[in-house]
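Colleague: Listed here are the chains, written in short residue letters.
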Amino acid sequence: MLFFFPWSLAVCLFIAGCPKVERTAYLTATGAKAFLDSVKSAHPECSGVLAGPGLCGTLARATAAKDLLIDAGEVYCGSRDFGHGGIPCTPPDKKTTAYQIAYDKLSSAVTAYKQAEIDLKGAMK
Amino acid sequence: MPYEMLLSLGFNLGKALVAHFTKAELPQELIDAAKNLVDAIDKHAKDRMTLEDWEALRG
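Going down the list, the protein sequences come from chains A and B. Mapping to our numbering: the first sequence position 70 is 70, numbers consecutive. Mapping to our numbering: the second sequence position 56 is 181, numbers consecutive.
What the hints contain is simulated information worked out from the structure, not anything from laboratory work. It should be emphasised that the depicted structure is a prediction, and the values quoted were computed from it without experimental measurement. The reader is advised that the hints may include incorrect statements.
Stated by the list, open to error - Facing chain B, a subset of chain A residues (Cβ under 7 Å, in silico):
1. TYR26
2. ALA29
3. LYS33
4. ASP67
5. ILE70
6. GLY73
7. GLU74
8. PHE82
9. GLY83
10. GLY86
11. PRO88
12. CYS89
To be verified - Just some of the chain B residues that point at chain A, by a computed CB distance under 7 Å:
13. ARG173
14. MET174
15. THR175
16. LEU176
17. TRP179
18. LEU182
19. ARG183
No residue lacks a Cβ here, since even glycine has one placed at the ideal position from N, Cα and C.
Kindly generate the complete structure, drawing on both the sequences and the hints.
Modeller: So, in structure tokens, the structure goes:
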């Protein structure tokens, strides 16, 4: 029994340590919400600005990128019962074409938000 | 991931292996470390990312 314990533990740790795309996306969106809310609090003059150059326009684009990330996350997680009574994220079957499409869109949305965040931090300097 | 717990568990795992080959009992620290690690992983997994969780991040 003790012989197998280290190996089974290693497998469990390996599995637990590999972040899934939906987890990465969700954590990115969570961090984004906190960061963008802090920027909005520090810059109330940007309230209501939806586009344009400068900090306020960049903030609006980052917020839009975050919301697109959320949209992609909800599509990826959207099983038949998703949204009813706290059903958790249920990714599509990996054997389907829909899985790859949803995966690619979610990954792209994460990348797009991260770039928007970089742009915003640059605009804040 | 609870890396401190992983390091602690690794250390205690080594002690357990030594204990095994010397026919001693499994150290209590290993049992406690494993339990703490399982609890941490379970807590991590409990964030279910429901539709409500995602929607709360909008705006």
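Colleague: Next step is simple, just say for each hint if it's right about the structure.
Modeller: Hints, verified against the model:
Because the smallest distance between the Cβ of TYR26/A and any Cβ of chain B comes to about 5 Å, under 7 Å, the interface hint for this residue holds. The interface hint given for ALA29/A is met, as the beta carbon of that residue sits about 5 Å from the closest beta carbon of chain B, less than 7 Å. Here the hint on LYS33/A is kept, as its CB sits about 5 Å from the closest CB of chain B, short of 7 Å. Residue-level restraint check for ASP67/A holds (minimum Cβ-Cβ distance to chain B is 6 Å; threshold 7 Å).
Against a cut-off of 7 Å between C-beta atoms, the interface hint on ILE70/A holds, since the closest Cβ of chain B lies about 5 Å away. Annotation: GLY73/A was flagged as interfacial toward chain B, and the flag holds, the nearest CB pair being 5 Å apart, inside 7 Å. Taking 7 Å as the C-beta cut-off, the interface hint given for GLU74/A holds, the closest approach to chain B being about 5 Å. Given hint, PHE82/A at the interface with chain B, holds; its Cβ is 6 Å from that chain's nearest Cβ, closer than 7 Å.
At its closest, the beta carbon of GLY83/A sits 4 Å from a beta carbon of chain B; the interface hint therefore holds under the 7 Å criterion. The interface hint given for GLY86/A is met, as the beta carbon of that residue sits about 5 Å from the closest beta carbon of chain B, less than 7 Å. With 7 Å as the threshold, the beta carbon of PRO88/A comes within range of chain B, its nearest partner Cβ sitting at about 3 Å, so the hint holds. Interface restraint check for CYS89/A: the shortest CB-CB distance to chain B comes to about 4 Å, inside 7 Å, so the restraint holds.
Interface hint at ARG173/B: satisfied, since its Cβ lies 3 Å from the closest Cβ of chain A, which is below the 7 Å cut-off. Because the beta carbon of MET174/B sits about 4 Å from the nearest beta carbon in chain A, less than 7 Å, this interface hint is met. Look at THR175/B: its Cβ gets to within about 5 Å of chain A, closer than 7 Å, so that hint holds up. Checking LEU176/B against chain A by beta carbon gives a least distance of about 4 Å; that is within 7 Å, so the hint holds.
Interface hint status for TRP179/B: upheld, as the beta-carbon distance to the closest one in chain A is roughly 5 Å, under 7 Å. Taking 7 Å as the C-beta contact cut-off toward chain A, the hint placing LEU182/B at the interface holds, the least distance being around 5 Å. With a least beta-carbon distance of about 6 Å to chain A, the hint placing ARG183/B at the interface is held under the 7 Å criterion.
In terms of the numbered hints stated before, the structure departs from none.
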